[in-house]
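> Those protein sequences? They're chains X and P, same order as listed.
Here the working numbering is used: the first residue of the first sequence is 4, the next is one more, and so on.
Here the working numbering is used: the first residue of the second sequence is 148, the next is one more, and so on.
Since the hints were made in silico from the structure, they are not lab data.
Every value quoted in this text rests on a predicted model; they were computed, and no experiment measured them.
Ideal Cβ placement from N, Cα and C applies to all residues, glycine included.
One or more of the hints may lead you astray.
Claimed, not checked - Take a look, some chain X residues computed to stay more than 12 Å from chain P by CB distance:
{"no.": "1", "residue": "Ile19"}
{"no.": "2", "residue": "Arg32"}
{"no.": "3", "residue": "Ala120"}
Claimed, not checked - FRET-style restraints, in silico, Cβ to Cβ:
{"no.": "4", "chain 1": "X", "residue 1": "Arg96", "chain 2": "P", "residue 2": "Ile159", "range": "22 to 32 Å"}
{"no.": "5", "chain 1": "X", "residue 1": "Pro84", "chain 2": "P", "residue 2": "Arg168", "range": "19 to 29 Å"}
{"no.": "6", "chain 1": "X", "residue 1": "Met135", "chain 2": "P", "residue 2": "Pro188", "range": "26 to 36 Å"}
{"no.": "7", "chain 1": "P", "residue 1": "Ile170", "chain 2": "X", "residue 2": "Leu38", "range": "40 to 50 Å"}
{"no.": "8", "chain 1": "X", "residue 1": "Asp59", "chain 2": "P", "residue 2": "Asp175", "range": "45 to 55 Å"}
{"no.": "9", "chain 1": "P", "residue 1": "Ala196", "chain 2": "X", "residue 2": "Asp59", "range": "53 to 63 Å"}
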Amino acid sequence: MTSILPLPPEPAGAAIVETRFGPLPGDPRQVVLMLDPLPGFESCRRYVLVSSADLDPFTCLQGLDEPRPSFLVIDPLVVEPTFQAVLPADGRRRLEADDDDPLLWLTLVRVEEGGQASVNLRAPVVVNARRMIGMQLISPDTTYSIEHPLGSA
Amino acid sequence: MLVFTRKRDEAIVIGDGIEIRVIRIGRDSVRIGITAPKDVPVHRHEIYALICAANLSAAASHKASVESLAKRLRAVPIERAKPTP
């Protein structure tokens, strides 16, 4: 499994994407199309990844279709170095990924008031960066937690 | 909700290309076969609902706490799980 981090933010003056965390530098044309919408946000198919120094180590996965959800995401290996991603049998085919196409793995972060945070390791989002298509993996496998604790309390 | 009574091997057709068939009927469970186009997601309801709730929760992350958490994580390396011996 390979995991690559998103590119650093564009220099000042570059395109801006509106997110719940404020306007962030990012190219709204760099759209990731979700093959299946994320459960809970069935009308949103297009997303863009945006970063900022203030959000690091998180990146924002910003939905471009209503209701324009803003997700914080993080590389699962940063949270759990032994994390083993499992693609379903037809995963690479659906993502139109050749065997040597790198896949970007992102896990959704939940932050509660007070700073308690957890990461959904059970249903990661996987993106074929070359084709700019992705999907959230939904399976009955309970190896990993939906609320894997992040950071110390 | 449309409700049908089906016997073993009987099926239901939905839209264009989705078929639900009763494969086997047991005492406490029913084995169901689904035929659907590859681009139509099919999931056990309770699993879909669980991920749905988790996604909604993630999208409602407490904004004000995010930046301070990010700052804290940058200052101190994220605690790693202890390697198994």
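> Are the hints correct? Go through all of them and say.
Here is what the structure says about each hint:
1. Ile19: 18 Å, holds
2. Arg32: 23 Å, holds
3. Ala120: 6 Å, violated
4. X:Arg96 / P:Ile159: 22 to 32 Å: Roughly 28 Å apart at Cβ, these two residues keep to the hinted range, so it holds.
5. X:Pro84 / P:Arg168: 19 to 29 Å: 44 Å, violated
6. X:Met135 / P:Pro188: 26 to 36 Å: Since the Cβ atoms of methionine 135 (chain X) and proline 188 (chain P) sit about 20 Å apart, the hinted range of 26 to 36 Å is violated.
7. P:Ile170 / X:Leu38: 40 to 50 Å: Cβ of isoleucine 170 (chain P) to Cβ of leucine 38 (chain X): about 27 Å, so the range 40 to 50 Å is violated.
8. X:Asp59 / P:Asp175: 45 to 55 Å: 51 Å, holds
9. P:Ala196 / X:Asp59: 53 to 63 Å: 33 Å, violated
Of the numbered hints given earlier, the model fails hints 3, 5, 6, 7, 9; all others are met.
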